[in-house]
Amino acid sequence: MLQSGRVSGLIYLLIVAASALYFIKRGEKGNIPEIRRVSGLDAIEEAIGRATEMGRPVFCSHGISGLSDATYGPQTIAGLSVLNYVARLCARYATRVIVPVRQVSVYPIAREIVETAYKLEGKPEQFRPEDIVYLSGFQFGYSLGYMSLMERERAGANIMVGAYWAESLQLSETGARVGALQVSGTANTHQIPFFVVATDYTLIGEEIYAAGAYLSKDPAMVGSIVAQDIGKFIGIALIVLGVIVGLSGTNYIVKLLEM
Amino acid sequence: MSDFTTYFGAFLGVLFTLAVYSFLYRENPWSRLAEHMFIGSAIGYGIAYDLDWMRSQWEGRWSLTSTGVTAFAFALLLGLLWYFRFSRKYFWLYRIPLAIITGTGLGLAFRTVVFAQLLTQVKATAGIQLVGVDAWTAFNNLLSAVMVVCVLLYFTFTVRQTHPVWKPINVFARYTMMAGFGAAYGYTILTRMSLYIGRCQFLLGVPPYAPENKTFFPWIALLILVTLIGYDLYVKSRASAKT
Numbered sequence: 157m158l159q160s161g162r163v164s165g166l167i168y169l170l171i172v173a174a175s176a177l178y179f180i181k182r183g184e185k186g187n188i189p190e191i192r193r194v195s196g197l198d199a200i201e202e203a204i205g206r207a208t209e210m211g212r213p214v215f216c217s218h219g220i221s222g223l224s225d226a227t228y229g230p231q232t233i234a235g236l237s238v239l240n241y242v243a244r245l246c247a248r249y250a251t252r253v254i255v256p257v258r259q260v261s262v263y264p265i266a267r268e269i270v271e272t273a274y275k276l277e278g279k280p281e282q283f284r285p286e287d288i289v290y291l292s293g294f295q296f297g298y299s300l301g302y303m304s305l306m307e308r309e310r311a312g313a314n315i316m317v318g319a320y321w322a323e324s325l326q327l328s329e330t331g332a333r334v335g336a337l338q339v340s341g342t343a344n345t346h347q348i349p350f351f352v353v354a355t356d357y358t359l360i361g362e363e364i365y366a367a368g369a370y371l372s373k374d375p376a377m378v379g380s381i382v383a384q385d386i387g388k389f390i391g392i393a394l395i396v397l398g399v400i401v402g403l404s405g406t407n408y409i410v411k412l413l414e415m
Numbered sequence: 008m009s010d011f012t013t014y015f016g017a018f019l020g021v022l023f024t025l026a027v028y029s030f031l032y033r034e035n036p037w038s039r040l041a042e043h044m045f046i047g048s049a050i051g052y053g054i055a056y057d058l059d060w061m062r063s064q065w066e067g068r069w070s071l072t073s074t075g076v077t078a079f080a081f082a083l084l085l086g087l088l089w090y091f092r093f094s095r096k097y098f099w100l101y102r103i104p105l106a107i108i109t110g111t112g113l114g115l116a117f118r119t120v121v122f123a124q125l126l127t128q129v130k131a132t133a134g135i136q137l138v139g140v141d142a143w144t145a146f147n148n149l150l151s152a153v154m155v156v157c158v159l160l161y162f163t164f165t166v167r168q169t170h171p172v173w174k175p176i177n178v179f180a181r182y183t184m185m186a187g188f189g190a191a192y193g194y195t196i197l198t199r200m201s202l203y204i205g206r207c208q209f210l211l212g213v214p215p216y217a218p219e220n221k222t223f224f225p226w227i228a229l230l231i232l233v234t235l236i237g238y239d240l241y242v243k244s245r246a247s248a249k250t
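Protein chains in written order, with the working numbering: chain S, 157 to 415; chain C, 8 to 250.
For reference, chain S alone in the conformation it holds in the complex (with noise of 0.2 Å):
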């Protein structure tokens, strides 16, 4: 009944998947794990203090992906989460934040994560709808649009959380030209090294998601981020257990893997 083979990523995944709803449940209650607070984050604050300081806007993307791809849905969910912080320290300060967007799916949850925040700062008055820009749907007329927008608004403030690609070293490239101070992070490890060349902080691989359940103190994220450490421990102790059981020349490890 079981095809051969896919075992072994049913038991990893029943596992890790029970953890996190046990984590969540837990969180739910009020009981929220700790995580570690990430680097980058306080680089935020900072390039939002700045850009106010200088009297210009600051830029917040969440990547170019939607909701619906398991690899790169929880991206633009992290990223979404980032711009909720952004959004509220920036109608703290009475800043204003452009968020351009790639997805038509994305776009009503991003301008209402920013109008409830200026809602939750007191401020509904100032926001501005038309901040939240929908570029293009398609990859590179989105990045045409973000490039000439910071050109155009001079941004004080680069913020970039989400999913990547190739348009990754013409939006950093263009806010490093306009004097912006960058912060970015993704999970598309081939995008990685362009933002930590281009950006002056940057959020690398999973540190994404856990600043998006740092931010957010949601039990849903911190739950999931709790059951991927659970989850990359077992993949620790079967690498591990494997190296050694290796050494007696037939790897069982692997075998049960393969199950």
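Read the hints as simulated data drawn from the structure, not as lab findings.
C-beta atoms are modelled at their ideal positions from N, C-alpha and C, and glycine is treated no differently.
Where chain C lies over chain S, by a calculated footprint (3+ residues, C-beta under 8 Å):
(1) 184-198
(2) 212-226
(3) 283-295
(4) 299-313
(5) 345-357
(6) 403-412
Add chain C to chain S, keeping to what the hints say.
Here is chain C on its own, set in the frame of chain S:
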């Protein structure tokens, strides 16, 4: 007619390539023209493409059976719910299609992600050979395993990394990642260079690109250059007049 379209196509191709490249100087009316044309045509193309896709789904597929017709109508109604975002009173209805799309997408991808993102890598690392291979390969394999473990530990967020043992682990993990990023950066830059060379070949009309491109290239380049300088002088004089 074909001559006209070839020339017109070449003219537009060269014009917009150079207009986009002019952004490297600074944001200017040419780059703005290219930007607006690109975004506008991309949106127009997207709408036309979606409508065409919907029609192709209907004809010969969903329209054949009554169940198909019902399902298609249901899908259309679901799609229409997106537009409730514009209603102040019923805006919450847009969340229904959003939840369905997100849930379906995540559910479909879930079954493969465990293998693609974790188990394949764990299996490959756990199965490294340290015996029965030459010393260099054994060292290389062991190093790979240590690197993977250190990087995995670096990305644990529920453990307070205050104990002194974490410092060397994190430093080693960072070096590992930087080595990986450096290799990825070099590789991607090569690809980008290849794209740039391709665009230069386009401008110079190198086959398979239309030879007409090289006729337009110098004239359009000159036009853009002259107007850019003129525009810059105009902006500067206007700014100094204001002060």
